[in-house]
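Q: With the sequences and hints as input, model every part of the structure.
Listed below are the residues making up each chain.
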Amino acid sequence: MAYFLKDYIFAAKYPFSSKSKEIMHNQSIEANETMAERGFERLSSALKGEIKRKIFLHNEDAIDEIISYASARIILSYIRNRFLINKYAIAEAKKTLFYLHEENEEDILLLARDVEINSFLHKNNKYFIDVVDFLLYAPKDVHYKLISRELDHGKVPITEHERIRLISEAVKKYIEKIPEAQSIPSAIKKSAEKLYALLPKIELRQTSFKEGENPPCIEAILKLINKHENIGHIGRWLLVVYLINQGMNNENIMKIFSNTPDFNEKTTLYQMEHARKRIYKMPNCSSVLSYGYCVANCGIINPMKYKIKPKNAKVK
Amino acid sequence: MDRELAFVLKRFSQYYSTVDFYIPEIEKREFGAGIEKKIDVRHMKFGSESEFKSFLVNNTPLYVSYSVAYYRFPKASPMELKGWLSADLVFDLDFETKNKYLSKMNFNKIRADTIRLIEEFLISDFGIAKEKIFANFSGNRGFHVHVRDERFSKLKSNERKEIIEYIKGIGLKYDSFFMQTDIQGRTRGPLPTGAGYAGRFAKKVLHILETEPEKISTIFKNEKEKQTFINGINSANWSLAKRTQHINKKLREIVKTELPLRTVNIDANVTQDTSKLIRVANSIHGGTGLCAKILTLDELPEFEPMHHALAFSTNPLKISAIEDIPEIEIGDTTQEKIEKGQTKEVPEYFAFYLKLKGDAKLII
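Heads up: the protein sequence lines correspond to chains A and B, in order.
Under our numbering, the first residue of the first sequence is numbered 65, with each subsequent residue one higher.
Under our numbering, the first residue of the second sequence is numbered 13, with each subsequent residue one higher.
Hints are supplied without guarantee of correctness; some may be wrong.
What the hints assert, rightly or not - Derived pair list, reagent style DMTMM-like, types lysine to aspartate or glutamate, alpha-carbon separation capped at 20 Å:
no., chain 1, residue 1, chain 2, residue 2
1, B, Lys173, A, Asp205
2, A, Lys241, B, Glu171
3, B, Lys180, A, Asp205
4, B, Lys142, A, Asp194
5, A, Lys112, A, Glu94
6, B, Lys180, A, Glu240
7, A, Lys237, B, Glu351
8, B, Lys185, A, Asp216
9, B, Lys168, A, Glu166
10, B, Lys216, A, Asp216
11, A, Lys209, B, Glu171
12, B, Lys166, A, Asp197
13, B, Lys173, A, Glu94
To be clear, the hints were calculated from the coordinates, so they are not data collected in a lab.
A: Here's what the structure looks like:
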């Protein structure tokens, strides 16, 4: 099949797409140092949270971009570091979100199918998605809670922007599935070592709360953080308010949040300052429940009442 | 094992030789069984229904349960080694009560909620086909509803939690039903033909206005006022002029108490925990001697456990009461009160019911 520049550009913007696989099918790629270096660059840029918009003028630029993606996948399959995988998946998902807004209907649906969403419907100027896909790919945000939606015979109405947001979440989940490493070329191993060197600065810092010291809703959020998973905006806010009310200082709160893949120092600092300035109290359990973060029936009215407040919540 | 229990289990065994279970993909399910507890042993596997039946006939337990999940290796332990493939979406509707005997009123409530779960939520809202929904009596005070739809079977705990929260109405906001329009004082609200909670809310309000309008406000005893409000709702006009503070409060209450299935404990853990074991439908509940009967959706509205879930005979059996036993309607008769210490001849199904509830001894 003949491919045009626009196909190459599409494949480069979405290197995980089936079109990218088709284009690369007949290319012979050697796993050399240049390739490994491109993978390393892609991953280290994801670690820094950089989302760069790229312009692809020639087929070769596109191929180069796809190679960097393939190389990054091989490095990840060798390293298998959960933090890095999550961080990388978020970067790719954000990039998709960025590009997808300018695509036509056909390409949006094509990409959706590539990341396993087959249920989008466009009828009477309205967009819909099947409830199962909605549940699978809705971001962790109170706005995307099913209860806030008008559910009709398994279809959830969504806006055009929400459709793209859901695809971007599906991309994240798709990218997170890193295959087992087969035989790893030495150039890749070398790049992986370089990445290891970058990791400790942002790698996991274990929180040292004793088990049972915090209410189950907070424990559940901390557990997600320790698994380097995203906790959503509300989850982040609940934890900040909780920790502040526990008397923890900004530096220690920051250490906990640095475990999340979408950690942003500025945002976290802003949330903390804002919560302190407004003297936010911990919301009652009924609110925590309505945000979808309640996980147990503790028989209390506020998470702060869970048990006697520990004098010093410490972090290693 | 004491003589009484051995006698009961022998009759359980005879029952099991005659019954069918209709367990889909039985070879991928984990089984558990128990006498002392509901589950004494688990991690069991059966290759076929006849193998399972033969186990029940020859090693009869008081309780038998199976996994809602399908596994690659159902016998493997710990759980991580089982190779989870998928799981039915299961709801456990149960009435929380301290009373040993469930009142008819409470049972009717739970049965009505089970029907609402199936018709309003699973079929209407979630679009699940009727033939993919299976219900059975739990064997005690409620029902189990199993959804066997492959679209839902891959969902993990978090997504199942969302479904439960939706059904229980957690986070449901009254104000989200309304929207101010450009015309001053006019509020646009849900139509009775609308979907989900919004449509149900409009339908419910219309129903109350038709049947007991004073429940919302005495204003609506006035036929003209009532009709104007009804006409408004039918054209999505929930004008504020009519929604006084008092009426708003009443409508808010309807949203909170009558729309979600909050009054019953849809045991969230059963739905969320995709490795849970649940009573095998058509098996006998070891705490009541009643059959966890499979019910078609048509049978559900008429189902009375004390009539339709009896698994044993009417042959007389002598019992001695350990506790005071109230008057109980069971089978085709009403069994009179039995005082503690009294001995009496009763039908076998009633004797087993009392024995398994721990209120009587069998005199055999």
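Q: Tell me, which hint numbers fail for this structure?
A: 5, 6, 7, 9, 13
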